[in-house]
Amino acid sequence: MFQQRQSNGSPFSGIIGILFAVVVFYLLFKLASFVFSILWSLAPLIFLASLIIDHKVFTNYANSIYDLFKRNWMLGVGAGVFSIVLFPLVSVYLLGKALFKRKMNKAREEMVTRRDGELIDYEEIDSEIIDMDLPPPPPPAEPLRRDPPKGSKYDDLF
Numbered sequence: 000m001f002q003q004r005q006s007n008g009s010p011f012s013g014i015i016g017i018l019f020a021v022v023v024f025y026l027l028f029k030l031a032s033f034v035f036s037i038l039w040s041l042a043p044l045i046f047l048a049s050l051i052i053d054h055k056v057f058t059n060y061a062n063s064i065y066d067l068f069k070r071n072w073m074l075g076v077g078a079g080v081f082s083i084v085l086f087p088l089v090s091v092y093l094l095g096k097a098l099f100k101r102k103m104n105k106a107r108e109e110m111v112t113r114r115d116g117e118l119i120d121y122e123e124i125d126s127e128i129i130d131m132d133l134p135p136p137p138p139p140a141e142p143l144r145r146d147p148p149k150g151s152k153y154d155d156l157f
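Residues 0 to 157 in numbering that gives the first Met the number 0 are what the sequence shown spells out, letter by letter.
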């Protein structure tokens with residue numbers, strides 16, 4: 000009924016697992032800090048690239064933070080502070096959004112071109128007057144007149 004579990008391993012197996020987890024998390028932290036330091040140095044260039052690709056992405060982001068500030072000033076201030084502190088991540092986000100919007104616009108233009116066809120270049124024709132002897136147009140036909148029936152007093156009304 001009662002079973003006792005016996006461990007045949009080392010009594011330090013639990014400690015080794017914990018140490019292994021600590022080392023893995025330490026290495027992950029070092030990797031993240033290395034990537035974040037690289038992003039901090041490249042963030043201004045990434046931000047400028049996102050502005051060059053599509054400046055409306057930044058204005059929409061700033062307007063969303065401003066609207067958040069108008070609705071709840073504490074959340075707006077918090078979002079603004081986090082945007083400054085996490086500037087490298089925000090710049091990567093803005094670049095990704097700008098590239099995505101550009102790709103979507105190109106796909107939309109391609110779909111419109113496929114649907115409507117491509118516009119062709121036009122050729123300008125000289126606008127000199129061409130004097131051709133054409134027969135005059137036929138005169139307009141006279142409308143048919145009906146004679147009023149005899150004995151009608153319609154003409155007497157006027």
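What the hints contain is simulated information worked out from the structure, not anything from laboratory work.
Careful: at least some of the hints might be erroneous.
Unchecked claim - Okay, derived cross-link-like pairs now, BS3-like style, lysine-lysine, Cα gap no bigger than 30 Å in a straight line:
(1) Lys105 x Lys29
(2) Lys29 x Lys69
(3) Lys69 x Lys96
(4) Lys152 x Lys105
(5) Lys55 x Lys102
(6) Lys152 x Lys96
(7) Lys55 x Lys69
(8) Lys55 x Lys96
Said to hold, decoys possible - Between beta-carbon pairs, the in silico distance windows are:
(9) Gly77 x Trp39: 55 to 61 Å
(10) Lys105 x Gly77: 33 to 39 Å
(11) Leu47 x Arg113: 41 to 47 Å
(12) Ile83 x Arg113: 40 to 46 Å
(13) Arg145 x Val111: 56 to 62 Å
(14) Ile83 x Ala31: 38 to 44 Å
(15) Thr58 x Met131: 55 to 61 Å
(16) Ile52 x Val21: 28 to 34 Å
(17) Arg113 x Thr58: 29 to 35 Å
(18) Phe33 x Asp120: 50 to 56 Å
(19) Leu41 x Val21: 28 to 34 Å
(20) Val21 x Thr58: 44 to 50 Å
(21) Ala20 x Leu41: 27 to 33 Å
(22) Ser126 x Ala106: 36 to 42 Å
Positions of the beta carbon are idealized from the N, C-alpha and C atoms, including for glycine.
Quick rundown of the hints versus the structure:
{"no.": "1", "hint": "Lys105 x Lys29", "result": "40 Å, violated"}
{"no.": "2", "hint": "Lys29 x Lys69", "result": "39 Å, violated"}
{"no.": "3", "hint": "Lys69 x Lys96", "result": "24 Å, holds"}
{"no.": "4", "hint": "Lys152 x Lys105", "result": "77 Å, violated"}
{"no.": "5", "hint": "Lys55 x Lys102", "result": "15 Å, holds"}
{"no.": "6", "hint": "Lys152 x Lys96", "result": "85 Å, violated"}
{"no.": "7", "hint": "Lys55 x Lys69", "result": "20 Å, holds"}
{"no.": "8", "hint": "Lys55 x Lys96", "result": "10 Å, holds"}
{"no.": "9", "hint": "Gly77 x Trp39: 55 to 61 Å", "result": "21 Å, violated"}
{"no.": "10", "hint": "Lys105 x Gly77: 33 to 39 Å", "result": "36 Å, holds"}
{"no.": "11", "hint": "Leu47 x Arg113: 41 to 47 Å", "result": "34 Å, violated"}
{"no.": "12", "hint": "Ile83 x Arg113: 40 to 46 Å", "result": "44 Å, holds"}
{"no.": "13", "hint": "Arg145 x Val111: 56 to 62 Å", "result": "58 Å, holds"}
{"no.": "14", "hint": "Ile83 x Ala31: 38 to 44 Å", "result": "19 Å, violated"}
{"no.": "15", "hint": "Thr58 x Met131: 55 to 61 Å", "result": "60 Å, holds"}
{"no.": "16", "hint": "Ile52 x Val21: 28 to 34 Å", "result": "42 Å, violated"}
{"no.": "17", "hint": "Arg113 x Thr58: 29 to 35 Å", "result": "31 Å, holds"}
{"no.": "18", "hint": "Phe33 x Asp120: 50 to 56 Å", "result": "54 Å, holds"}
{"no.": "19", "hint": "Leu41 x Val21: 28 to 34 Å", "result": "31 Å, holds"}
{"no.": "20", "hint": "Val21 x Thr58: 44 to 50 Å", "result": "45 Å, holds"}
{"no.": "21", "hint": "Ala20 x Leu41: 27 to 33 Å", "result": "32 Å, holds"}
{"no.": "22", "hint": "Ser126 x Ala106: 36 to 42 Å", "result": "41 Å, holds"}
Consistency note: the structure conflicts with the earlier hints numbered 1, 2, 4, 6, 9, 11, 14, 16.
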